[in-house]
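Sequential numbering from 1 applies to the sequence shown in the UniProt record's numbering.
Do not rely on the hints blindly, as some may be mistaken.
[Unchecked claim] Listed next, with one range per pair, are the computed distances between beta-carbon atoms:
#1 A824 - A24: 31 to 41 Å
#2 A824 - N240: 47 to 57 Å
#3 R257 - E194: 32 to 42 Å
Hints were generated in silico from the structure; no laboratory data involved.
Ideal Cβ positions, reconstructed from N, Cα and C, are used throughout, including at glycine.
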Amino acid sequence: MTEQPNFAGAHDDRDVASGYDVAAIHAKWQAKWEELKPFATSDPNDKRPRKYILDMFPYPSGDLHMGHAEAYAFGDIAARYWRQRGFNVLHPIGWDSFGLPAENAAIERGIDPRGWTYDNIAQQKKSMKLYGVSFDWDRVLHTSDPEYYKWNQWLFLKMYEKGLAYRKDSWVNWDPVDQTVLANEQVLADGTSERSGAIVVKKKLTQWYLKITDYADRLLDDLNQLEGAWPAKVLSMQRNWIGRSIGADVDFVIEGREEKVTVFTTRPDTLYGVTFMVVAPDGDLAAELVADASDEVKASFTNYLEQTQKQTEIERKDATRTKTGVPLDRFAINPVTGERIPIWAADYVLADYGHGAVMAVPAHDQRDLEFAIKFDLPVRVVLDTNAPITGAIPVLELDENGMAILPDDLPPLNPRGTGKSLQGDGRMINSGPLDGLSKNNAIKKIVEQLEAAGTGRAAKTYRLRDWLISRQRFWGTPIPIIHGSDGELIPVPFDQLPVELPSTEGLDLKPKGKSPLAAAEDWINVTDPRDGSPALRDADTMDTFVDSSWYFLRFLAPNDPDKAFDPAEAEKWAPVDQYVGGVEHAILHLLYSRFITKVLFDLGYVSFTEPFSALLNQGMVLSEGKKMSKRSRKAVTFSGEIAEHGADALRLTLAFAGPPEENINWEDVSPPASHKFLARAFRLVGDVTSAPEIEWKTGDVSLRRATHRFLADGPGLAESLKFNVLVARIMDLVNITRKVIDTGAGGADAAVREAAEVITIALSLFAPHTAEEMWEKLGYEPTVALAGWRKADPSLLVEESVTAVVQVDGKVRDRLEVSPKIDAAELEALALASAVITRSVGDREIVKVIVRAPRLVNIATRQQPAAG
Numbered sequence: 001m002t003e004q005p006n007f008a009g010a011h012d013d014r015d016v017a018s019g020y021d022v023a024a025i026h027a028k029w030q031a032k033w034e035e036l037k038p039f040a041t042s043d044p045n046d047k048r049p050r051k052y053i054l055d056m057f058p059y060p061s062g063d064l065h066m067g068h069a070e071a072y073a074f075g076d077i078a079a080r081y082w083r084q085r086g087f088n089v090l091h092p093i094g095w096d097s098f099g100l101p102a103e104n105a106a107i108e109r110g111i112d113p114r115g116w117t118y119d120n121i122a123q124q125k126k127s128m129k130l131y132g133v134s135f136d137w138d139r140v141l142h143t144s145d146p147e148y149y150k151w152n153q154w155l156f157l158k159m160y161e162k163g164l165a166y167r168k169d170s171w172v173n174w175d176p177v178d179q180t181v182l183a184n185e186q187v188l189a190d191g192t193s194e195r196s197g198a199i200v201v202k203k204k205l206t207q208w209y210l211k212i213t214d215y216a217d218r219l220l221d222d223l224n225q226l227e228g229a230w231p232a233k234v235l236s237m238q239r240n241w242i243g244r245s246i247g248a249d250v251d252f253v254i255e256g257r258e259e260k261v262t263v264f265t266t267r268p269d270t271l272y273g274v275t276f277m278v279v280a281p282d283g284d285l286a287a288e289l290v291a292d293a294s295d296e297v298k299a300s301f302t303n304y305l306e307q308t309q310k311q312t313e314i315e316r317k318d319a320t321r322t323k324t325g326v327p328l329d330r331f332a333i334n335p336v337t338g339e340r341i342p343i344w345a346a347d348y349v350l351a352d353y354g355h356g357a358v359m360a361v362p363a364h365d366q367r368d369l370e371f372a373i374k375f376d377l378p379v380r381v382v383l384d385t386n387a388p389i390t391g392a393i394p395v396l397e398l399d400e401n402g403m404a405i406l407p408d409d410l411p412p413l414n415p416r417g418t419g420k421s422l423q424g425d426g427r428m429i430n431s432g433p434l435d436g437l438s439k440n441n442a443i444k445k446i447v448e449q450l451e452a453a454g455t456g457r458a459a460k461t462y463r464l465r466d467w468l469i470s471r472q473r474f475w476g477t478p479i480p481i482i483h484g485s486d487g488e489l490i491p492v493p494f495d496q497l498p499v500e501l502p503s504t505e506g507l508d509l510k511p512k513g514k515s516p517l518a519a520a521e522d523w524i525n526v527t528d529p530r531d532g533s534p535a536l537r538d539a540d541t542m543d544t545f546v547d548s549s550w551y552f553l554r555f556l557a558p559n560d561p562d563k564a565f566d567p568a569e570a571e572k573w574a575p576v577d578q579y580v581g582g583v584e585h586a587i588l589h590l591l592y593s594r595f596i597t598k599v600l601f602d603l604g605y606v607s608f609t610e611p612f613s614a615l616l617n618q619g620m621v622l623s624e625g626k627k628m629s630k631r632s633r634k635a636v637t638f639s640g641e642i643a644e645h646g647a648d649a650l651r652l653t654l655a656f657a658g659p660p661e662e663n664i665n666w667e668d669v670s671p672p673a674s675h676k677f678l679a680r681a682f683r684l685v686g687d688v689t690s691a692p693e694i695e696w697k698t699g700d701v702s703l704r705r706a707t708h709r710f711l712a713d714g715p716g717l718a719e720s721l722k723f724n725v726l727v728a729r730i731m732d733l734v735n736i737t738r739k740v741i742d743t744g745a746g747g748a749d750a751a752v753r754e755a756a757e758v759i760t761i762a763l764s765l766f767a768p769h770t771a772e773e774m775w776e777k778l779g780y781e782p783t784v785a786l787a788g789w790r791k792a793d794p795s796l797l798v799e800e801s802v803t804a805v806v807q808v809d810g811k812v813r814d815r816l817e818v819s820p821k822i823d824a825a826e827l828e829a830l831a832l833a834s835a836v837i838t839r840s841v842g843d844r845e846i847v848k849v850i851v852r853a854p855r856l857v858n859i860a861t862r863q864q865p866a867a868g
């Protein structure tokens, strides 16, 4: 039996006297669930339709917190609802158990990260069982188990075979505290590490990447499939992160260099306005261009490169910074004008954007203009933004230099003088065959011209960069590659997987800029599988987002030693029908999961291309308006709230607090009030004296109407995730039922039993322990979780009368019971004939009557004018 907390404040003597003993009820039903396994999904003969509900699995860093309490409440409500609707619901749980927090905690304590990790998992598992979440406990997984990460390695090797995993030298994001590289997605907007909070710097290393950019178009375009099913905010964040730009690749000849330099631009129409080229100082091209330069140029460039490397990427992208740069004493040739243009290195160009080089059009780009003004470089206007883009193409005179002469009565096109680049639409000028064309037509024509000349082509580029997965830390999946003495990369044979992590005994895990695994000599030194010669394992481990990118599929066969998952089971269960988790994973986890799903689709392992059909991002639980943390001044803990109020009161509180996607201020909610309501609902079933076999139709008609209206409305509320509204409707039905018991036929009325049973079934979504005890008191065998949502009787949904509100000058003065089919004229006549309304109007003049049949009559009056 699961150990129970004290529940010190979860009941009073009246509750115990009524049988509502929270501690005893929780202990009883958790033991029953362990025995009955009502949430298992392994029966191959189960013919119910399937539904896959998944919560983002937790990281085992200490016990659960209030954010977990909220997320798992919402996921469990959805799972329990679909079971009541007759579905076989897969609702599994596992732990994302690799990663830096465990390793850092182990280093701090001088222990193996395994012990710290699995102790925390045991604590969280205990808390989850106390919370009554309907997980299938036969499908648990931990990503740090060799039985799991073996399949990370299998996936890596499959991608390596397809050319989607590769190794290269590049400038990477380096966390100087955790001493490891980071993917672009793990660097926050302020340039800090999302893990340690340190300012991220650039470092050149040889690293492993996954080619997510090969899927950029599909990742972007397939977001259209998720419109309305995923939060709009998440879709927008992913679109912005992928950041597709449409334009052209233009080839520039560099004097003294055989290979051309390709520049990507979204504005190929402005090629005639290119007056210089800018390259990233930390790119390979810049280093090559200064290799044969004078000592003066080399010294200037080296000094500038050192300054650049001290800056964060965020600082370099800051458009408000004063522009800096150095000339490289090299020249490129403008492919459409034939002009020699100087090449500069400037830190506002990033090595991994496009091709690391930018064609500068200072008249029409603000960054380029500021740079040109600072270093006195030419500025040439090629787009007349004063000219209308409709109508006939204007004919302009040219001066002796072949430049367009513009009319005197228009604003001057003088970016150098104004300091503002010319943006927007207009007509091309000073652009040879493009003159007079609108911007869009000019783009089309110049691309055709470039393609005909072999100097360019239509192209796309992306903000998205390939996924850097190498990590220089111990607690992660070893990369299954062997480095031969000849420099060759040799995949570990499939039959030798998993490549397991070694013991930490004698191993220094402290971060030092390279993987601790490199010092594990017995582990790192191996033989080359080709010829038996000495070789080395790859010492890096994988980014832990690899673990979570496909875990939803491993839940389909968590104990299968022969395959990552069974494609036949994926066909039955996947994709996930409802995914629940925080918006903080909008880019990292969700983007990577979408990518890996598309890879698995291309490899023929799954038949779908999106992993999660619907997504719920729950809000945060706040204390005094701030996100809760272990360091909060007023800590509100999961274990503390369970002990004080019980799991059911806590779950109900979170569900009732507001729409799931909105934040909750803990000071604004009341677990004691939730407990009080649950005790009231519990006492209600105790008052039922009729037998389960009673004939429903003999009961109180008004109560039956309320019950069946609830049955009709409940599914729509649950499926639209309006859990707070559904709770409110349960509360209303409890109150209506109590009123019938107290003022009508008492607990013997058939309608009272029917309402109590419906309340119990609905309450099982939110307060499962309480609902199970209520179900038993009503005379049924467990479990209420599988009782089934009752069908509403259509005949009880037809309203025999409705209440029409009658207002006089905006104030409610009377209520009339009328037919739902009453017309406006009849309703107006009834309202004006009401004695209450006649008294309310008095001697005032009725100036207007607004009727909204059958619900509202609004009478406007004014004071009668004085006589004579």
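Which hints from the list above does the structure break, by number from lowest to highest? 1
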